[in-house]
Every structure is written in structure tokens, then in C-alpha cells.
Amino acid sequence: NAGVMQNPRHLVRRRGQEARLRCSPMKGHSHVYWYRQLPEEGLKFMVYLQKENIIDESGMPKERFSAEFPKEGPSILRIQQVVRGDSAAYFCASSPSQAGIGYGYTFGSGTRLTVV
Amino acid sequence: AQRVTQPEKLLSVFKGAPVELKCNYSYSGSPELFWYVQYSRQRLQLLLRHISRESIKGFTADLNKGETSFHLKKPFAQEEDSAMYYCALPAARFSGGYNKLIFGAGTRLAVHP
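Sequence order for the protein chains is A and B. Here the first sequence is numbered in the numbering used here, starting from 1 and rising by one per residue. Here the second sequence is numbered in the numbering used here, starting from 1 and rising by one per residue.
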């Protein structure tokens, strides 16, 4: 079991470009969570998705950010028209059920986005 | 509002010394608390959760509701314990389950030989 796979590990974008971050959950996990970690800060919740559904996006910035978890394929976090302030580490986690936190909540290695 | 505070950014100790990583929380109700660890170049992984009252790699953590704390302790630090440690609190119970974690800013533990 490869665990939660995130790619790319590092992503460099110029201001105004789009960034696409991918997350493949663990086999058998149908719940995906995205977190963002700004420098010197803890991880901050962004969005919680199940297959084809956004369940909680209370941590997502209102503009430029979107997330999806299609029936087939990985979950995608998309950032349009990136700005320097988007530079951060983005972590994905998955669980087999919505009560998975602390029980089956597995993190990926993260994607480090740098906006130049 | 729910909040997790880890007051120390860095804790530096010598091998064999006792370690205490502090975590304070703000939560109305009965919290469940977790410690996650991130070793260098590895992913964040669950270290322990208070509900299970377990000891992992010699670490323990006791929930003190009076002081709203969940400090992580180990009596004798080892060099391989050097890592980032995050205290976390589930939030927003959703349809019977939790759907997100609130993390502290983390403490870097450096254990010197």
C-alpha cells in the first residue's frame, strides 16, 4: 500500500499562473482533506471532500481556490492566478470514513508551492 | 473559538534528558487530542491520541482539563526523537464524525548527543 500520494513534491509557478496539486488517497479511503502550512505556522484546514462531493470548504479562500475529488482519479486542488502569498506547503490526508481522524487519518508528503 | 497553542518553537535537549513539549487548548466540551510527529523528510504521522492512553516510542501525554493542557513527555530523550511535533484538536463534529483538525504551530525537538 503506497499510502497517500501527492504530486508534484515541489512546484514553482510565476505570479498569475495556475497551480494544480494532486492527491491520491490510500487504497480503500474515500475521504480526502487538504491542509495548508504557511511558513512558521501550523497546518490549517482548507477543504474536506468525498467522491464527487465537497463536504466542508470552510477553510478555502473565497477566490482563486477550488478543489475536486472526481469519481475516478485523484483529488485536485487548483489555485488560479497564483500570488506570492500562496507559497506554502499543501498537505493532503485521507481516511476510510468521516470519523477517521485519529483512527485512520493518513497524510501525504505534501507539495511545496513556490510562487516567483 | 477552538485553538491549540504550542508556546515553544524549539526545544533543545541532550540525549538522556527528560522532554516535555507543551500544548494548551481552548475547547468547549470534552476534547479529543492528538500528537502528530514529522521526522525529517517524512510525512506527518500520528504519534498518539489521548483517548487510547497509550505510550508510543516512550512518549506519553496526559489530558489535564483543569489546565487545558495535553503536554507530551518522555523521560529519556533519544537522538532519533528529533523531529517536528504538532498537537492537534478535532473540530466541527459533522454527522457524528470529525472532519478537520486544528493544529498548533509545532515545536521542533532537537536532541543532541
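Warning: the hint list may mix true and false statements.
[As the list claims (entries may be wrong)] Capping the alpha-carbon separation at 25 Å, the derived lysine-lysine pairs in BS3-like fashion look like this:
#1 B/Lys15 with B/Lys65
#2 A/Lys44 with B/Lys9
#3 A/Lys62 with A/Lys44
#4 A/Lys27 with A/Lys71
#5 A/Lys44 with B/Lys15
[Said to hold, decoys possible] Quick list of the computed label-pair ranges, beta carbon to beta carbon:
#6 A/Gln17 with B/Glu67: 41 to 51 Å
#7 A/Gly59 with B/Phe76: 22 to 32 Å
#8 A/Ile54 with B/Pro18: 39 to 49 Å
[Claimed, not checked] If you want a taste of the chain A side facing chain B, the calculated C-beta under 10 Å gives, among others:
#9 Tyr33
#10 Glu41
#11 Phe45
#12 Ile55
#13 Asp56
#14 Pro61
#15 Phe65
#16 Val83
#17 Gly85
#18 Phe91
#19 Tyr105
#20 Thr106
#21 Phe107
#22 Thr114
For the record, the hints were derived by calculation from the structure and aren't laboratory data. Cβ coordinates follow ideal geometry from the N, Cα and C atoms, glycine included.
Checked hints:
1. B/Lys15 with B/Lys65: With Cα atoms ~31 Å apart, B/Lys15 and B/Lys65 exceed 25 Å; violated.
2. A/Lys44 with B/Lys9: holds, 17 Å
3. A/Lys62 with A/Lys44: Given pair A/Lys62, A/Lys44 holds - Cα atoms ~15 Å apart, limit 25 Å.
4. A/Lys27 with A/Lys71: Holds, because 14 Å separates the two Cα atoms, which is no more than 25 Å.
5. A/Lys44 with B/Lys15: violated, 32 Å
6. A/Gln17 with B/Glu67: 41 to 51 Å: About 48 Å separates the Cβ atoms of A/Gln17 and B/Glu67, which means 41 to 51 Å holds.
7. A/Gly59 with B/Phe76: 22 to 32 Å: Once the Cβ atoms are compared, 39 Å apart, the range 22 to 32 Å for B/Phe76 and A/Gly59 is violated.
8. A/Ile54 with B/Pro18: 39 to 49 Å: holds, 45 Å
9. Tyr33: Holds: closest Cβ of chain B sits about 7 Å from A/Tyr33, inside 10 Å.
10. Glu41: Given a least distance of 6 Å, the restraint on A/Glu41 holds.
11. Phe45: holds, 4 Å
12. Ile55: Check passed: Cβ of A/Ile55 comes within 6 Å of chain B, closer than 10 Å.
13. Asp56: Nearest chain B Cβ about 5 Å off; hint holds.
14. Pro61: Violated: closest Cβ of chain B sits about 16 Å from A/Pro61, beyond 10 Å.
15. Phe65: With a closest approach of 16 Å, the A/Phe65 hint is violated.
16. Val83: Violated: closest Cβ of chain B sits about 23 Å from A/Val83, beyond 10 Å.
17. Gly85: Violated: closest Cβ of chain B sits about 18 Å from A/Gly85, beyond 10 Å.
18. Phe91: Because about 7 Å separates A/Phe91 from the closest Cβ in chain B, which is inside the 10 Å limit, the hint holds.
19. Tyr105: Hint holds; A/Tyr105 Cβ to chain B Cβ min 7 Å, cut 10 Å.
20. Thr106: holds, 8 Å
21. Phe107: holds, 4 Å
22. Thr114: Check failed: Cβ of A/Thr114 comes no nearer than 18 Å to chain B, outside 10 Å.
Going through the hint list in order, the structure does not satisfy hints 1, 5, 7, 14, 15, 16, 17, 22.
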